[in-house]
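S.K.: Take a look at the letters that make up each chain.
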Amino acid sequence: MLELKILTGQRAPSKPPTYEINGFEIAFDEMAGSLVPGGTLELKGSPQSFPHSLALLGPNEGYWDIERIDATYYSGTDDHYTIRLGAVTLDGESKLNLKYDRQPELLDV
Amino acid sequence: MRTWFAKVVDNKIEQAITSEIPTTTEIVESSEPSLTDKPPRRLVYAPMRTSASVSSITGGVRIKARIDSNDQCVVLMLDRHLLSGCSFWCDQRADAAMYSPLAATLFEQENLASVLIHEMNVTVKLGPSEPFVNDDTARRLGQAIRSHLVAELPVITEDYLAKMPSEDQIRDGLQEVIDNEINPGIANHSGTITLTAVKGNTAYIKMGGGCQGCAASGITLRQGVETSFRIAVPHLGALLDETDHTAGTNPFFTDLHSGMGA
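Line by line, the protein sequences are chains A and B. Going by this note's numbering, the first sequence opens with residue 8, and the numbers climb by one from there. Going by this note's numbering, the second sequence opens with residue 208, and the numbers climb by one from there.
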């Protein structure tokens with residue numbers, strides 16, 4: 008399962024986003040929060056397939072300024088990891104890569 | 208629970224139902240481009256952020272380390288730029304002593320295979336005979352870098368910068384290797400390597416054809432391309448792969464047996 012927590016920046020799309028796995032567009036299973044400038048949107052999707060590619064599709068009309076995304080990936084009952092992504096702008100010609108493996112832990116040294 | 212495939216099919220059916228179905232056989236010319244005319248979306252990447260945890264290390268220089276046990280490698284990420292406009296790589300203690308006091312300090316700490324200094328990062332690869340890299344190794348290297356910087360010792364020497372070839376010379380040297388050695392060698396796998404940019408002595412490449420998305424592309428890059436590049440252009444610093452491997456449409460290998468991954 009994939010969970011996204013998205014903080015929107017100045018421009019927000021008018022329609023809910025969809026995502027793409029292995030080239031196929033799918034709607035999210037659950038959506039909560041708000042899709043407005045400065046709002047936080049929470050999305051859940053269950054692709055039920057190994058992703059060779061995974062991406063969040065930009066809005067077909069207008070722009071979506073994303074300030075931050077926390078993407079959490081669940082591969083088992085308890086096994087999960089989170090990737091934090093920074094600012095990016097999406098539009099009708101772009102899609103944001105969401106395929107990330109578990110990152111090695113960082114140590115303060 | 209519906210599978211993703213069922214959702215895709217449902218989605219397509221819903222689109223078909225909700226779209227207007229012509230009730231006559233009259234053909235209507237539409238000015239709207241059809242969906243098939245729409246170009247594929249461009250895959251973009253957002254910068255990856257580390258956690259916002261506060262370092263417990265004091266001493267004025269914050270350093271985070273990422274350990275890659277498979278590659279016997281430690282990436283040390285600093286809170287400041289070490290080099291701007293150029294990068295430094297060496298695999299010999301003597302070269303480090305001659306051109307980079309910081310790399311020489313690191314070679315004194317461990318038996319190293321190579322040191323790369325690029326922007327805010329130091330990538331240290333341990334020698335094959337060394338025990339597995341661990342947290343203690345990373346801490347020793349981090350402390351050595353911190354002490355070096357706090358003492359305000361130089362990262363590289365003036366001599367290194369003075370001997371640096373121009374970007375055109377580096378580009379020509381690398382392109383000659385690509386044309387005469389690398390691309391003919393990987394043509395059997397329908398692969399190609401393109402030199403996309405040279406900035407300072409940092410080179411950017413893209414892998415195409417059978418190399419794009421290939422599970423062995425990391426091996427090709429590190430053991431083939433990089434080795435040839437460094438022999439031809441000894442002053443080459445960082446070598447960065449800009450390939451979007453997820454967009455590969457005809458990779459030569461789609462999978463490797465466990466333990467063979469780059």
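The hints are simulated quantities; they were obtained by calculation from the structure and are not laboratory data. Where hints are given, some of them may not hold.
Within a straight-line C-alpha distance of at most 35 Å, the following computed DSBU-like cross-link-like pairs (lysine-lysine) qualify [stated by the list, open to error]: (1) A:K12 <-> A:K106; (2) A:K106 <-> B:K245; (3) A:K106 <-> B:K370.
If you want the footprint, here are the derived chain B segments under chain A, 3+ residues with CB under 8 Å [claimed, not checked]: (4) 407-417; (5) 431-443.
Anything over 10 Å on all C-beta distances counts as not near chain A; from chain B, calculated [what the hints assert, rightly or not]: (6) R248; (7) M284; (8) Q316; (9) A320; (10) L323; (11) E326; (12) H355; (13) P372; (14) E383; (15) L402; (16) G425.
Cβ atoms here follow ideal geometry from the backbone N, Cα and C, with glycine treated the same way.
S.K.: Tell me the hint numbers this structure goes against, listed in increasing order.
M.R.: 3, 4, 5, 6 and 7
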